[in-house]
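Asks: Can you build the whole structure from these sequences, using the hints too?
Protein sequences appear in the order of chains A and B.
Our numbering numbers the first residue of the first sequence as 1 and each following residue consecutively.
Our numbering numbers the first residue of the second sequence as 1001 and each following residue consecutively.
Hints should not be assumed to be uniformly reliable.
[What the hints assert, rightly or not] Heads up, simulated DSS-like pairs for lysine-lysine below, C-alpha to C-alpha not over 25 angstroms straight-line:
(1) B:Lys-1273 - B:Lys-1076
(2) B:Lys-1014 - A:Lys-166
(3) B:Lys-1144 - A:Lys-233
(4) B:Lys-1067 - B:Lys-1083
(5) B:Lys-1273 - B:Lys-1108
(6) A:Lys-6 - B:Lys-1108
(7) A:Lys-233 - B:Lys-1273
(8) A:Lys-3 - B:Lys-1106
(9) A:Lys-166 - A:Lys-181
(10) A:Lys-129 - B:Lys-1111
(11) B:Lys-1083 - A:Lys-3
(12) A:Lys-233 - A:Lys-51
[What the hints assert, rightly or not] So these bits of chain A aren't anywhere near chain B, every CB distance computed over 10 angstroms:
(13) Tyr-53
(14) Gln-65
(15) Asp-116
(16) Glu-167
(17) Ala-196
(18) Thr-259
(19) Tyr-264
Don't read these hints as lab results, they were simulated from the structure.
Positions of the beta carbon are idealized from the N, C-alpha and C atoms, including for glycine.
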Amino acid sequence: MSKMRKLCFYALLIFYSVLTIVPFVWSLSTSFKPSEEVYQNDLIPDAPTMKAYATVFGKIQPNFQTLFANSLFIACVVVILHLIFAALAGYAFARLRFPGRDVLFFVVLGCMMIPDQLRLVPMYQLLVKMGLINSGPSNYLAIFLIKAISAADVFLMRQYFLTLPKEMEDAAKIDGAGPFKLFSRVMLPNAAPVLATVAILTFQGTWNDLFWPSIVLQSPSHWTLPFGILQFKGQFSTDWPPIMALVVLSTIPILALYTFGQRYIINVQLASSAKG
Amino acid sequence: MQLTRPKTLRLSRKQSESLVAYGFLTVPMALFLFLSVGIFFYAIYISTFNWGIMGPTESVGLDNYRKAFSDPIFLKAIRNSVKYAAIVVPIQTAIGLYLALLVNSKIKGSKFFRSAFYFPSIASSAAITTLFIFLMAPDGVFNKVLQFFGIETSDLFNQGAWLSDSRTALYSIIGLNAWTTSGTMMLFYLANLQTVDAQFAEAAMVDGASRRQVFWYITMPLLKPAHLFVVATGMIGALQLYDQAILAGGADGSPDYSLMTVVLYIYNACFRKFEFGYASAIGVILFVIIFTLTLLQKSLFGSAAWKGEDR
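Replies: Here is the structure:
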């Protein structure tokens, strides 16, 4: 590569990095500004203040702690459900032989084609009939039911199980292990990367979701962080620092998760594409 | 005795394998049949009724579908969604591919750049759209940057109120999502790029091919699985635009319905007018559009599905 070319290269890379990172730095800076300073151009506030954080931790209803706890609770339950069902179904489709396998797998593939927006009306009707659209704790069940299983995760899990070598099972089979033992003792421990990927992607998707919570969750004490941001954006239309504090606080956990787990995500994408 | 034992064992293994498979699949398949397949047919059923808060009142056949196509706001919503998808998909695909090629070349700090480029894709749409609204405000940073480069926003035709002018609102959202989704598209391209054998390109270079020729005749065709995947997911995602529209324009897709999308329209029919039958019909229409586009893309790009290969 010539020197000139290299220079252009780095200029481009740095320019685009600035474009992706600076807005977040700006939201962080704004969250520490007093209201009068919001539209000043300084990155470092003249008179930095924690007032915005005091507001989101104390004054707003529901406060940040409630929104955070709801988001965390809902995301964790959905992650566990997805892991269990995707591992069970993915293993069965990839590694077991049984009558009707292809038909059932075709159904799973078909489920991937159904958009959430088509499910909105019938799902809502169903949840009303089941009495889950309410302001009590059973309201959470509505979200869990909607998000109980993901065809894409079953698919991902199956693809991964397909790549594991046959010899892995053979040794255990000779030792007399049955299919269930094979699954729990041999296959599952070897599926750690894909389990991590499903967990991370599901957590991120559920944590960030606005569509279903905004439709299903009735009581403010059930709101999630994105839903809270939507609501408070309307209430504080001109008072930006508390809103930016919420933006910052809601992004930090997902940033931490991504920093910690991105290795796994890339690996599995490679694994599923390398097979072709 | 010794000889027959393995035989019976193999038979029982086959049976127990089926049994375990059905055991594993009972709950997942029941959920799929109930929450996706059943719900799908229920949606079509509801769409043939006048269905209010109190439930169905009368069967109306296909009237809900006819009503949709004679409602100017719905037609506006379709136009907006299609326009949005038609512009944002090529942009985010091109940027995603370009970023992937940049990051994939042997450079210092490629790991850092990859993380930086993916950064906007990880935050929630609620957080990022709110941040975007703040940056794009008339007194916001975006206009300040324009001023820095000598562009006086008060001279511009909308005085720098990008999101509250019906002529620029949708384009602003296009800019926002091109920025946030490019990182995801980059990852898909990267995964594909890393499986592409560098030998092909090197061999072509030895034969005297130019950089440009290598890119168009070797790299691009080898990235076909990623093209299909990126364009298909991009298109499906774009037609489902909702979060950014309701955050920036409220439930009406303000100003002047310029941010009214098909999904936002469903939301309105459902939760503001309580016309569940009608809302369901719009959902079915959206499904048909997405389904047709997916099939079209599959046949256009060939059947080399990114994810479809069996062993």
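Asks: With the threshold set at 25 angstroms, check whether the alpha-carbon distance from Lys-1144 of chain B to Lys-233 of chain A stays at or below it.
Replies: holds, 23 angstroms
Asks: Taking only the CA atoms, is the gap from Lys-1014 of chain B to Lys-166 of chain A under or equal to 25 angstroms?
Replies: Holds, at about 17 angstroms.
Asks: When you check the alpha-carbon spacing of Lys-1083 of chain B and Lys-3 of chain A, does it fall within 25 angstroms?
Replies: Outside the cut-off at roughly 42 angstroms; violated.
Asks: Does Lys-1106 of chain B lie within 25 angstroms of Lys-3 of chain A when you go C-alpha to C-alpha?
Replies: holds, 14 angstroms
Asks: Between Lys-233 of chain A and Lys-1273 of chain B, is the straight-line Cα distance small enough, at 25 angstroms or below?
Replies: Satisfied, since the Cα-Cα distance of roughly 24 angstroms is no more than 25 angstroms.
Asks: Say whether it holds or is violated: Gln-65 of chain A keeps its Cβ farther than 10 angstroms from all Cβ of chain B.
Replies: At about 18 angstroms from chain B, Gln-65 of chain A clears the 10 angstroms cut-off, so the statement holds.
Asks: Far enough from chain B: is every CB of that chain over 10 angstroms from the CB of Asp-116 of chain A?
Replies: violated, 8 angstroms
Asks: Say whether it holds or is violated: Thr-259 of chain A keeps its Cβ farther than 10 angstroms from all Cβ of chain B.
Replies: Given a closest Cβ separation of 8 angstroms, the condition is violated.
Asks: Is the nearest CB of chain B more than 10 angstroms from the CB of Ala-196 of chain A?
Replies: holds, 16 angstroms
Asks: Next pair to validate is Lys-1273 of chain B with Lys-1108 of chain B; report whether the Cα-Cα distance is within 25 angstroms.
Replies: With a Cα-Cα distance of about 56 angstroms, the restraint between Lys-1273 of chain B and Lys-1108 of chain B is violated, given a limit of 25 angstroms.
Asks: Assess, step by step, whether the Cα of Lys-129 of chain A is no farther than 25 angstroms from the Cα of Lys-1111 of chain B, and give holds or violated.
Replies: Violated, at about 51 angstroms.
Asks: Is it true that the CA of Lys-1067 of chain B sits at most 25 angstroms from the CA of Lys-1083 of chain B?
Replies: The given pair, whose Cα atoms are some 22 angstroms apart, holds under the 25 angstroms limit.
Checked against the numbered hints above, the structure breaks hints 5, 10, 11, 15 and 18 and satisfies the rest.
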